[in-house]
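A.B. asks: Chain residues, written in single-letter form:
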Amino acid sequence: MTRAPVRDRAAFLTRREHRTLRVVALLLLLAGWELVARLGWVPVLFLPSPLGVLSEGWAMLQSGELAGHVASSLSRLLLGFGVGAALGIAVGVAVGFFAVAEAVGTPIIAATFPIPKIALLPLLILWLGLGEPSKVAVIALGVFFPMAINTFTGVRGADPLLVRAAVAFGAGRWSIIRKVVLPSALPMIFAGLRLGAGTALLLLVAAEMIAVESGIGFLVLHAGNLMQTTKLMVGIVVLSLLGVLSHWSLGRLERLAIPWRAG
Amino acid sequence: MRVLVDGVSKTYVDRTGRPVRALEAIDLAVESAEFVAILGPSGCGKSTLLNLIAGLLAPTAGTIWLDGELPPGHVATAMVFQEFALFPWRTAQANIELGLEELGVPAAERARRARRFIELTGLQGFETKYPHQLSGGMRQRVGIARALAVEPAVLLMDEPFSALDAQTRQLMQEELLGIWERTRRTIVYVTHNIHEAVYMADRVVVLSRRPGRVLAEVKIELPRPRVEHLLGEPAFVATVERIWSLIREQAAQALRE
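So the protein lines, in turn, are chains S and C.
Counting with our numbering, you get residues 1 to 263 for the letters of the first sequence.
Counting with our numbering, you get residues 264 to 520 for the letters of the second sequence.
Calculated directly from the structure, the hints in this document are not laboratory data.
Glycine included, each C-beta is placed from N, C-alpha and C at the ideal position.
Any given hint could turn out to be false.
Example chain C residues on the side facing chain S (calculated, C-beta under 8 Å, incomplete) [what the hints assert, rightly or not]:
#1 A288
#2 A339
#3 P351
Just the calculated beta-carbon pair ranges, DEER-fashion [to be verified]:
#4 P187/S to E438/C: 48 to 54 Å
#5 A498/C to W174/S: 15 to 21 Å
#6 R281/C to P187/S: 35 to 41 Å
#7 P160/S to S295/C: 29 to 35 Å
Coverage of chain S stretches by chain C, computed from C-beta distances (three or more under 8 Å per stretch; other residues unrestricted) [unchecked claim]:
#8 156-165
#9 173-182
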């Protein structure tokens, strides 16, 4: 046998971050899009240029038009999300912890969970009227189910050893819920919040397409009807920014709420 | 406080629905301030016995008595777990204060009492660390401090050091003996390790394989304080040999299964 150094055979498995490529890819896409619009390959009516969307957005921001839409959308979103998340967590804990609540809750949730929540919007409008409550309610419903199901799963995943340890040190039902079950469920609860945030945005836009005067959903629909494609695109960009923002802030909140996570 | 185990049997139903006899007609008396080791092969029901004494399980037959005056503000039993069972979302200090919270001790008093046991178990400087930031040995110190903080009359220890490496285990055993000599609690210590049982206990109760029965009770006549060089002395080795001869056949049987 001749002498040969041992090579690192796992070298090809290391994944580089390619930081510049990330930015460059995005910029190239935008530049290509701008070029397509500038050269008039696609009429601006169908595909406005990125720079056009940017300047339109700036104009709408200056006139205060955009702020109005964003404010009414955000208030619906936050209210619906808050109510849905709070109810979902409460129901998830109850169903996960108490046998009676599980017996009552499981079949009801299993039967109602598959309904596309948007189908309930006409019914909610019938019950609650055309005003804000029906919009908030449909968002709350959409957030409720992923929250309830994720919380339930998190509660069920609580380590029985820790529950037993808590009992050994004198904990009763409520102490166990507060000190063992809820903290164990937190990672799942946050996963539910992320899911819920996506659903909430979807339902927000849908709800704002019916009988409202302001909101980003309204902006998108209205601009579309008037063939103001650039304005429409501004609405879509704002929605995308809202999605990114909610994802980012939930991530921050999660790191604050779960400081014991390794790393 | 004495622990009297009076004709206790425990049968439970396993996942396939078959009854499993874990313990059969156990009679045992643990005296006040005594250090008793319960020794047995894995699956002999020794942890079950500890859980029965802690009131975390109900016996199928028989009764467990806790006999003696309990001073106000104290609890009868506290448990140290093999897998530590620390709350990952609580710092070391908050873990130690858990039992005191449940007793309704006010925050300032909790911190004061926790401090005493943080010092006793050598956890100074680690109060604000989360369990995942601590080594196995430090984690079990937190487990021991948590149990001592509620001033239990009886300290129940379920293979507390078996998840630690051999060197750490040796040091922790010595520390526990030191703590015991200073606090003089009644200790019921479950282990599968003969050396550990003989090194630490006043008396070793040997359980048989499932269903667990008391095979023998061996009084350990070794001087205290027990220190490391004892491990090589003829009296120690002879005691270990004697107990090994008692359970050798049982262990061999387990191996054949």
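A.B. asks: Against this structure, judge whether each hint is valid.
C.D. replies: Hints and how they fare:
1. A288: Status violated, d = 26 Å.
2. A339: violated (11 Å)
3. P351: holds (5 Å)
4. P187/S to E438/C: 48 to 54 Å: violated (35 Å)
5. A498/C to W174/S: 15 to 21 Å: violated (53 Å)
6. R281/C to P187/S: 35 to 41 Å: holds (36 Å)
7. P160/S to S295/C: 29 to 35 Å: holds (32 Å)
8. 156-165: Coverage by chain C holds for the segment 156-165 of chain S (4 residues, Cβ < 8 Å).
9. 173-182: Contact hint for the segment 173-182 of chain S vs chain C: holds, 3 residues under 8 Å.
Consistency with the previously given hints fails for numbers 1, 2, 4, 5, ordered from lowest to highest.
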